[in-house]
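Kindly generate the complete structure, drawing on both the sequences and the hints.
Residue numbers (the working numbering), protein chains in the order written: chain A, 0 to 292; chain B, 0 to 292; chain C, 0 to 292.
Check the hints yourself; a few may be wrong.
No distinction is drawn between identical chains; accordingly, a pair holds when it is met within one copy or between any pair of copies.
What the hints assert, rightly or not - Restricting the straight-line Cα-Cα distance to at most 30 Å, the calculated cross-link-like pairs of lysine-lysine (DSS-like) are:
1) K133 to K28
2) K237 to K100
3) K185 to K291
4) K228 to K133
It is worth saying that the hints were derived from the structure and are not from the lab.
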Amino acid sequence: MRGMEKKQVEDILKLASKFEKGGASNTLKGKILATLFFEPSTRTRFSFESAMKRLGGTCVGFSSIEGTSVKKGETLIDTVNIMSGYSDCIVIRHSKEGAAKLASEHSSVPIVNAGDGSHDHPTQTLLDLYTIKKSLKNFNGLRVGICGDLRYGRTGRPLSIALSNYDTEISFISPPQLSMDKSTVKYIRDNGTNVKEVLKIEDVIRELDVLYMTRIQRERFPTEEEYLKFSGHYIVNKELMNLAKKNMILMHPLPRVNEISVEVDSDPRAKYFEQSRNGVPTRMAVLYTAMKK
Amino acid sequence: MRGMEKKQVEDILKLASKFEKGGASNTLKGKILATLFFEPSTRTRFSFESAMKRLGGTCVGFSSIEGTSVKKGETLIDTVNIMSGYSDCIVIRHSKEGAAKLASEHSSVPIVNAGDGSHDHPTQTLLDLYTIKKSLKNFNGLRVGICGDLRYGRTGRPLSIALSNYDTEISFISPPQLSMDKSTVKYIRDNGTNVKEVLKIEDVIRELDVLYMTRIQRERFPTEEEYLKFSGHYIVNKELMNLAKKNMILMHPLPRVNEISVEVDSDPRAKYFEQSRNGVPTRMAVLYTAMKK
Amino acid sequence: MRGMEKKQVEDILKLASKFEKGGASNTLKGKILATLFFEPSTRTRFSFESAMKRLGGTCVGFSSIEGTSVKKGETLIDTVNIMSGYSDCIVIRHSKEGAAKLASEHSSVPIVNAGDGSHDHPTQTLLDLYTIKKSLKNFNGLRVGICGDLRYGRTGRPLSIALSNYDTEISFISPPQLSMDKSTVKYIRDNGTNVKEVLKIEDVIRELDVLYMTRIQRERFPTEEEYLKFSGHYIVNKELMNLAKKNMILMHPLPRVNEISVEVDSDPRAKYFEQSRNGVPTRMAVLYTAMKK
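Given below as structure tokens:
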């Protein structure tokens, strides 16, 4: 099976909901979290740190490899080996796929994957699921559109895999050169989920319960013309929101560049800032689960 | 009215004095302060962090925008919106004037301005006032000289405005090209304060109760000759201190380059290191006030 | 006398052992440690921070001088003067010899040296001694080999000086151009310790109780050929470990590049990761001693 176990996911979501309501502030008192960000990611790092501190714990770590032993030629395995001697849990973010798994094989403390390569970013998926559940109560019966750079983006793939464990319908919305890889599409279909692949948001927005936007990076396109030709199709503005259901929710892992116009921020269906805030209770649940084992 | 309300200032100074005497160590336990330094400032950041920790709280944040989402094109508003979901209060330092005000319009938690542009730096002004009050008991009747780069410097302007709310006399000491802007001088005079504008410290030092030095940056001058011609006039050494009153106090927001000779450090009138230390109780009072609202 | 007092060392080692067994978690509650790393050192910084947090305290600081007031021309003395106003103890790492001593002359709080120049790194020496004592119970009677860059390396010199206070025999193993300086060799001999100087690990490994490896940096050699000619002699692999005593311990301050082959990691005599972990209780003892004075 790919991704996280359904039961494991649901336990985290329940715990996150409990933590969001408060009352767990000293559960990890005296514990130290090491945050090893081999690749920078302010948002993810801060929400892990806030989560750890909300639980009463403390953090050590680095936010980029500048000035670390990695620069002196130290291997990931040695770094993890050593840091596990200084802490009770390690959060790792790395540009290489499989880094978190490799780390977990050499650590005496639990490893939490905060994103490796374009492979996986499980706590992002968990907070995405948490946001959907909080707004729409149930995953079954949902029609979810995932839009943007589905090929190289880190968030769309694991979210669609997690949703395929429920009775959902998924629409992948992207330019052809950034479409979801065939293997993932097949996996999701084999899991019993109906998948559509479309070019434009307009093609599906009327039927969606969730529209999940992601960034399209200019550098993915061979020429500026091609970028401009496509990027216009992947911007959510007021006009487009007028076509959507009254209770559709609009999500984005952030940071956004221009995929969602600022004018949409005040629409009650815009959930991306709440989604970002949900990172704290979700990561509290992940850290608690890792350290209470 | 420009600057902070007189009453608000006096409340902070009273609270700071209480905190300096001790006994408030767990007041902000469980609270998280986000320190967003879009522009680096070690001293200010450290004293905010120390203040927060002295109150029992914790901090997350960045010390420069390297490796943050700002580099991915995220707007200040989005950053603030997101960070306010991770924290209970945000301290913001930014190179652009008005950044703190803009931030406060988009944050669900209190914003504390830790300096924006050459506009304002209110907690520096508060600790400057705290230092003066601690040494000289009263603002009324004081003659204060403010010396250095009054045009582009961030500290002299708001300090002089704050002092103009009391019965003080202010001497601005600077080269003509770095003099205080006319609008500020007019505002202070209209506020009932006597203002002198002089070229040299010698012109006024005999009568001063406070001499507030600031850095003059070489790059403000068109030529090296012009810099050398002026900079010599703005250095406080033993000789100059001999002209000053026995109970004058010498201040500097630090870091200094050569505006105050090291030989002066042992003079009991040299208050700049104590002034820097006063940043902790003053910022404790600011953070406590912001988060207890 | 060079280095630390024997009595002082033994007190720290005893306290470290007590801390390693647990039960001191809130001893430094409310205290703030300032970590001033003018030169980056992830490992040392993290283990100091972990030590402080294990004792219930908190940290502020910088991990490199990028973005600090040092870049604006502030002197070490001013930085220390100011930081001592924000904290209860300062840990300082600096590229210049004597920096920690200079700092301690201008600080109102205790200074802990976390390495200055190639001069000294006393907490590394303490954790090295702690590791030896933990494994081998006693310093008297030990034969210790110290291998690698003994000239410019920061760890071999103070360790050999500390060991010369006991009834030990020391073998310095290095290429001639990186040999231990004559003055240190003389000092150790005058202290009553038998010293051997050899070229290869093979020359002494059979008799050693401790083999302490250090990194040899490529840039120490005038040509690539010379580097390759020598570096091969200073790699510990399984073959070499087969020559060693059954209870010899293999140490390294880390990070390693290739001085110890990964195949040796699973050998029970490989103590370098445990040695690194020992940095936490040792530094807890150092911080506790500094702040309880």
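Now for the hints, and whether the structure bears them out:
For the identical chains of this complex, K133 and K28 are neighbours both inside a copy (28 Å) and across copies (29 Å), given an alpha-carbon limit of 30 Å. When the C-alpha separation of K237 and K100 is checked against a cutoff of 30 Å, the pair qualifies only between copies, where the shortest distance is 27 Å, while the shortest distance within a copy is 42 Å. In this assembly of identical chains, K185 and K291 lie within 30 Å of each other by CA distance neither inside one copy nor across copies; the values are 37 Å within and 54 Å between. In this assembly of identical chains, the alpha carbons of K228 and K133 never lie at most 30 Å apart, being 36 Å within a copy and 65 Å across copies at closest.
Hint compliance for this structure: hints 3 and 4 are broken, all remaining hints hold.
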